[in-house]
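Keeping the supplied structure of chain A fixed, place chains B and C upon it in accordance with the hints.
Chains as they are written, first to last, in this note's numbering: chain A, 1 to 313; chain B, 314 to 650; chain C, 651 to 939.
Please keep in mind that the hints were generated in silico from the structure rather than gathered at the bench.
Predicted, not measured: the structure shown is a model, and the values here were computed from it.
Careful: at least some of the hints might be erroneous.
Claimed, not checked - If you anchor each label on the Cβ, the simulated ranges turn out as follows: (1) A:S5 / C:L665: 30 to 38 Å; (2) A:A275 / C:Y766: 41 to 49 Å; (3) C:S842 / A:L19: 31 to 39 Å; (4) A:D210 / C:N854: 44 to 52 Å; (5) C:Q743 / A:R10: 40 to 48 Å; (6) A:A201 / B:R379: 15 to 23 Å; (7) A:T227 / C:A718: 57 to 65 Å; (8) C:G798 / A:P62: 23 to 31 Å; (9) A:W305 / C:Q743: 53 to 61 Å; (10) A:D210 / B:E385: 22 to 30 Å; (11) B:K399 / C:Y832: 57 to 65 Å; (12) B:E385 / A:V140: 45 to 53 Å; (13) A:V132 / B:R619: 37 to 45 Å; (14) B:R337 / C:D831: 43 to 51 Å.
All C-beta atoms, glycine included, are put in the ideal place defined by N, C-alpha and C.
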Amino acid sequence: MPSLSYLVARLLQIIPTFLLVMVFIFLLVRLLPGDPAIAMAEAKATDAQLEQIRQNLGLDQPLPVQFLVFVKNTLTGDLGRSIMLKAPVSEIILARLPTTIFLALYSVALAIILAGPLAFLAASRVNSPVDVAIRSIFQVGLSMPVFYIGLLLLTVLAAQLRWFPVGGYGKTFLANLYHLILPALSVALYTSAIILRNLRASLIEVLDADYVQFARAKGLSPRIIMTRHVLRNALVSTVTLLGLSIGNLMSGTLVTETVFAIPGVGRLMLEAIFARDYPLIQGLTLTFAVLVSVVFLLTDVVQSWLDPRLRQS
Amino acid sequence: MATRRKSIVLDVKHLRTEFGTRERPLVAVDDVSFQVGQGEILGLVGESGSGKSITLRSILGIVRPRGRVAGEIRWNGQDLVSLSEKQLRRIRGREIAMIFQEPMSSLNPLLPVGLQISENLVAHTDLDAKARKARAIELLELVGIPAARNRLDDFPHEFSGGMRQRVMIAIALASNPKLLLADEPTTALDVTIQDQILRLIQQLSRDLGMAVILVTHDMGVVAETCDRVAVMYGGRLCEIGQTADVIADARHPYSLGLLRSIPRDVAPRTPLYSIPGAPPALNALPPGCAFSARCPVAGAECPEVRPGLQSIGGLRQVACHHLGDAQAHFRPREAAQ
Amino acid sequence: MSAISQSHSQTAGRLAAFLARAFARPSFVVGIAILGLSLALALFPQVFAPYDPLAFDLQAMQQGPSLAHPFGTDNFGRDVLSRVIWAYRVDMQMAFFATIFALLIGLTVGAFVGYYGGIADVIFGRCVDAIITFPFLVLVIAIVAVLGPGLVNMYVAITAVNWVYYARLTRAEIMAQKANDYAAAGRVLGYSDRRIIFRHLLPNAISPIIVYWMTDMALAILLGSSLGYLGLGAQPPAAEWGVLIAEGRNFLMTAWWMSLMPGIAIVLTGLGFSLVGDALADLLRPKGR
Numbered sequence: 001m002p003s004l005s006y007l008v009a010r011l012l013q014i015i016p017t018f019l020l021v022m023v024f025i026f027l028l029v030r031l032l033p034g035d036p037a038i039a040m041a042e043a044k045a046t047d048a049q050l051e052q053i054r055q056n057l058g059l060d061q062p063l064p065v066q067f068l069v070f071v072k073n074t075l076t077g078d079l080g081r082s083i084m085l086k087a088p089v090s091e092i093i094l095a096r097l098p099t100t101i102f103l104a105l106y107s108v109a110l111a112i113i114l115a116g117p118l119a120f121l122a123a124s125r126v127n128s129p130v131d132v133a134i135r136s137i138f139q140v141g142l143s144m145p146v147f148y149i150g151l152l153l154l155t156v157l158a159a160q161l162r163w164f165p166v167g168g169y170g171k172t173f174l175a176n177l178y179h180l181i182l183p184a185l186s187v188a189l190y191t192s193a194i195i196l197r198n199l200r201a202s203l204i205e206v207l208d209a210d211y212v213q214f215a216r217a218k219g220l221s222p223r224i225i226m227t228r229h230v231l232r233n234a235l236v237s238t239v240t241l242l243g244l245s246i247g248n249l250m251s252g253t254l255v256t257e258t259v260f261a262i263p264g265v266g267r268l269m270l271e272a273i274f275a276r277d278y279p280l281i282q283g284l285t286l287t288f289a290v291l292v293s294v295v296f297l298l299t300d301v302v303q304s305w306l307d308p309r310l311r312q313s
Numbered sequence: 314m315a316t317r318r319k320s321i322v323l324d325v326k327h328l329r330t331e332f333g334t335r336e337r338p339l340v341a342v343d344d345v346s347f348q349v350g351q352g353e354i355l356g357l358v359g360e361s362g363s364g365k366s367i368t369l370r371s372i373l374g375i376v377r378p379r380g381r382v383a384g385e386i387r388w389n390g391q392d393l394v395s396l397s398e399k400q401l402r403r404i405r406g407r408e409i410a411m412i413f414q415e416p417m418s419s420l421n422p423l424l425p426v427g428l429q430i431s432e433n434l435v436a437h438t439d440l441d442a443k444a445r446k447a448r449a450i451e452l453l454e455l456v457g458i459p460a461a462r463n464r465l466d467d468f469p470h471e472f473s474g475g476m477r478q479r480v481m482i483a484i485a486l487a488s489n490p491k492l493l494l495a496d497e498p499t500t501a502l503d504v505t506i507q508d509q510i511l512r513l514i515q516q517l518s519r520d521l522g523m524a525v526i527l528v529t530h531d532m533g534v535v536a537e538t539c540d541r542v543a544v545m546y547g548g549r550l551c552e553i554g555q556t557a558d559v560i561a562d563a564r565h566p567y568s569l570g571l572l573r574s575i576p577r578d579v580a581p582r583t584p585l586y587s588i589p590g591a592p593p594a595l596n597a598l599p600p601g602c603a604f605s606a607r608c609p610v611a612g613a614e615c616p617e618v619r620p621g622l623q624s625i626g627g628l629r630q631v632a633c634h635h636l637g638d639a640q641a642h643f644r645p646r647e648a649a650q
Numbered sequence: 651m652s653a654i655s656q657s658h659s660q661t662a663g664r665l666a667a668f669l670a671r672a673f674a675r676p677s678f679v680v681g682i683a684i685l686g687l688s689l690a691l692a693l694f695p696q697v698f699a700p701y702d703p704l705a706f707d708l709q710a711m712q713q714g715p716s717l718a719h720p721f722g723t724d725n726f727g728r729d730v731l732s733r734v735i736w737a738y739r740v741d742m743q744m745a746f747f748a749t750i751f752a753l754l755i756g757l758t759v760g761a762f763v764g765y766y767g768g769i770a771d772v773i774f775g776r777c778v779d780a781i782i783t784f785p786f787l788v789l790v791i792a793i794v795a796v797l798g799p800g801l802v803n804m805y806v807a808i809t810a811v812n813w814v815y816y817a818r819l820t821r822a823e824i825m826a827q828k829a830n831d832y833a834a835a836g837r838v839l840g841y842s843d844r845r846i847i848f849r850h851l852l853p854n855a856i857s858p859i860i861v862y863w864m865t866d867m868a869l870a871i872l873l874g875s876s877l878g879y880l881g882l883g884a885q886p887p888a889a890e891w892g893v894l895i896a897e898g899r900n901f902l903m904t905a906w907w908m909s910l911m912p913g914i915a916i917v918l919t920g921l922g923f924s925l926v927g928d929a930l931a932d933l934l935r936p937k938g939r
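Excised from the complex, chain A in its bound form (with noise of 0.2 Å):
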C-alpha cells in the first residue's frame, strides 16, 4: 500500500492546479461584457435583488477580494442560484450528480468487459487474422463519433427491433441497468477502442517477458500465471491509460445524455449554456474539474498499489 505521506504529498499537489482551475472559472463569467451582476441574475431581477447579488459577489470590491469571495462560497457549497430553474445551483448539481456517475462508471465497466477478453485474445495470437480482425474492428469504432454510435444503437437496437427502451430513467439499480444499456454501450464502444489498443500492447509485451517464463519453469498453473503474473504487470499502464481518458469518458458522457435524453450533469451544462444560466455553468465546471482531481488521484493511488516501484516519490 502506498505511504500516507505519499497520499498526502499528491494531495497537495493538486491544490496549486485547482486554485488556478477556480481563477478560470472566476475568470470566465467575469470576462463577458456588461454587469457581471446582471448575467447572474434573473431575466426580471428588480433591482434590489441586483444589489444583493452585487453584495454577495463582493462585486464592488476590488478584483482579488472578489476571487477570494468566491473561493470562500466555493468551499462553503454557495454555488449560487440557477436562473433557469431558480433553485440552488449546489441542490440541482447534488440532484443530478449521481446519474451521471452511474452512466460514467457502467460505461466503464462495459468497456473493460469488452476489450479485455479481446485484447487477451489478440495478443495471444499476434499478428493472426483473428488479431488484424479485432484491430479493425476497433479502429473504425475509434472513428465513430459517440453521439453517432448512440444513435445508431437507438436505431437498431430500439427503435427497430424494440429490444430496449429509447430512453428514460428507471428507479432501481437493476431498471437502470437495463434502461441506460444503450448511452453506456456507446461511450463504451469509443473507450473499448481505447483500452483494447493499449492494453493489447501491454500484453503482447508482458506475455513474452522473462518472469513469465520464469514462471512457467516453476511449475505454476497457467490460472496463477495468467491473474499474477501476466494480467497485473499489463494493467499498469492500462490503468493509467483509463484514468486520463477520464476526460473522454465525461464528453461522452456528456454526449450521451443529450442523444438519449438523460437527466444528469451532462445535458444540464449544455442547457445551461443555451439559457446563459452563468451560475450553473460556473457551478458545474467546477464539479467536472473535482470530478477529474478525484479521478486523477485516484488512478495515482491504484497505480503505485500495483507497481511497487512507483512508491518513492
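Same frame as chain A, now just chains B and C:
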C-alpha cells in the same frame, strides 16, 4: 558411455527441437545426446545461437516460440518428451528447476520476493503459510542473503544484481530439485559477482546432491565450475568429456579454436586469436558438419556427411571426420608458444 | 553551388525512397485514397453531387435509399447524398482550421519553453496541468458558452484548448534535440537562438508533430461534428455532418437514413486521417529509438 561412479539422473537421447514450417524447419537443436550424473555439474558451452539455451528449455518443455521437440529425455523413469503439459508442470520447479540470465527481468517487479518463493512452495508442497515463510527465510539464508527475515517483503528492485540472482536461485531451490538448469546465470553480472554466484552454485550442488547443467559461452566459467563439459555448435554437439581432459586436450577443431581464443600466458600486444567467420544461420545449415565452413581442417566430405559422436576413450566423445588433422593444425602452434 | 544542388537531389532521392516505402503499406494507401477522395469532394462538390443540396422536392419527401437517391431524401425532399457531399467542404475545413492554429501556436510556445526552460517551463507546466484537468469537450463547450455558438467561435474554443497538446509534444522533442551535438555546434558557431531553434532543431523534431496532427485532424472531425450536432458549432442551414444528423434526429423512426448516412462520411474521413497518421508513425519512427 555411462559416467562411472555416479548414477545417471538425466539421459537425453537424440533431442531435436525445430521451429517454423515442417517443410523448411529451423532446427535449433539437432540430434543432441548426453547424460548427467547425480550431483554432477555439466557445462554446455558454445557461441550465441548454438542452441544451448533451447536445449535447456526443451528439457523442461518451455520452448518459445512454439517449437517441436522430438527425441527422448529420460528423467526419473519417465520420458519428458512424451509427458503432457500438466504432467510436466509437476516436474518443473520441483524435480527440475531453471534459472535465467537476467535477474532483473526474470523476477516479477510487482511482487515481493517472499511471495515469489512461496508460489513455488504452494504449487509443489503441502506446507502451510507459517512453514512456507520459514522455508523462504531458510532458502534466502542458504543463498547468502543477509538479514533474510527482513527481506521477504522486499521487491526485486530493492536488491542489487548479484543479490537478485541469488534470490532467483533461492526460488529455484524451493522444492529441492534434483537438477538445476542454469541458463547463463552469470553473464549479466559483474566479474567479481560472477565468481561468487558460481561458487554458490558449486557449493549448493555439493551440499544438496543436486546436478547442474550450466549453459555459458565462457570457457573460463566452465574450467572453474564444471565437472564435465559439452561443446555445441550450430545446434549440434561437437565434443563432450571431463572438463580437465577437454581443456587440456581438446580434439574437435571448434573446441580447439575456442580454447585458443582464451589468452593464456601470452606476451603483451600479441594479436589475439579468434575463429574466423560467423555463426551460421540455423535455417541454412549444411547437411554435413555445421562447422565445416569455418573449419581450418575441413575436407571435401565435411559439408556433406554428418560426423557422428564417436567415443575416443576416457569418457570422451567427439564428432569430427578429421581428428588427426585438427591435432596437427592446432598442436604444433601451441607447442611453439 | 554544386553542393547545394547535390543536397537538393539528395533530398529528392530520400523523398522518393520514403514515398516508395509509404505506398508499400496497405494502410497508408487506403488512408491516402480516402483523403484524396475527401479532398476532391470538398473542393469540387458540384462535380460529384447528383442534385442541388438546397433544392426542395416536395414530391419526394422522406424516401428511403434508392437508385435515384442512394442516401434517401430528407423531410424537405432534399437529396441526402448531395447534402453529405456538400458538407465535405465544411467538415474538411473544420479538420484543418481546428488544428492548424493550435499546431502553430503550440509549436512556437513549445519550442521556446523547451529551449529556454527555466521559470517559463514551470509556469507552462502548471498551465498544462490545469488545462488537461478538464475534459476537452467540456472546456470547449465552456468557452463556446462565453463566446456564443458558431463555426469561428468553435475554432477559437478548440484552438484555445488544443494548443497545449502540441506545445507539450514540441517541448519534449526540442528538449531531446537540444541535447544533440549539432545544436551545440550551432551555438559554438555563434548562431542566434532563434536560428538554431527554427532552422535546425524544429525540422528534426517535426515528424512526431506531423503524425500527431494527422490523428488530431481525425479527432477534430469527431469533435466538430459532435458540436455541430449539439448546435454549438456550425449552425443550420449550413451543411455539416453533425448538423445533418441533428436534423434527422426527430425522424429516426421514419427516416433513419437522414441521420445515419452522414455518419458514414464522418467515420470514413476520420478513418482516412487515422490510417495515414498510424502509417506515418511507423514510417517516421527513427530507427533504433
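- Could you check the hint for me, namely that R337 of chain B and D831 of chain C are 43 to 51 Å apart, CB to CB? holds, 46 Å
- Query: Within 37 to 45 Å or not, the Cβ separation of V132 of chain A and R619 of chain B?
  - Reply: Holds, since V132 of chain A and R619 of chain B (Cβ atoms, about 42 Å apart) stay within the stated range.
- Message: Range first: 15 to 23 Å. Now tell me if the beta carbons of A201 of chain A and R379 of chain B are that far apart.
- Response: With Cβ atoms ~21 Å apart, the hint holds.
- Item | Whether the CB-CB distance between D210 of chain A and N854 of chain C falls inside 44 to 52 Å | The hinted range 44 to 52 Å is violated for D210 of chain A and N854 of chain C, with Cβ atoms some 35 Å apart.
- Could you see if the CB distance from K399 of chain B to Y832 of chain C stays within 57 to 65 Å? At 60 Å between Cβs, range holds.
- Query: Regarding A275 of chain A and Y766 of chain C, is the given constraint of 41 to 49 Å on their beta-carbon distance met?
  - Reply: holds, 45 Å
- Is the hinted range of 53 to 61 Å satisfied by the C-beta distance from W305 of chain A to Q743 of chain C? Once the Cβ atoms are compared, 47 Å apart, the range 53 to 61 Å for Q743 of chain C and W305 of chain A is violated.
- Task: Note whether the CB distance of S5 of chain A and L665 of chain C lies within 30 to 38 Å or breaks it.
- Result: violated, 55 Å
- Query: At the C-beta level, are Q743 of chain C and R10 of chain A separated by a distance inside 40 to 48 Å?
  - Reply: holds, 43 Å
- Within 31 to 39 Å or not, the Cβ separation of S842 of chain C and L19 of chain A? holds, 37 Å
- Task: Given the hint of 57 to 65 Å, check if T227 of chain A and A718 of chain C actually sit that far apart at their C-beta atoms.
- Result: holds, 59 Å
- Return holds or violated for the Cβ distance of G798 of chain C and P62 of chain A against the range 23 to 31 Å. Because 29 Å falls inside the window, the suggested range holds.
Of the hints listed earlier, those the structure fails to meet are numbers 1, 4 and 9, in rising order.
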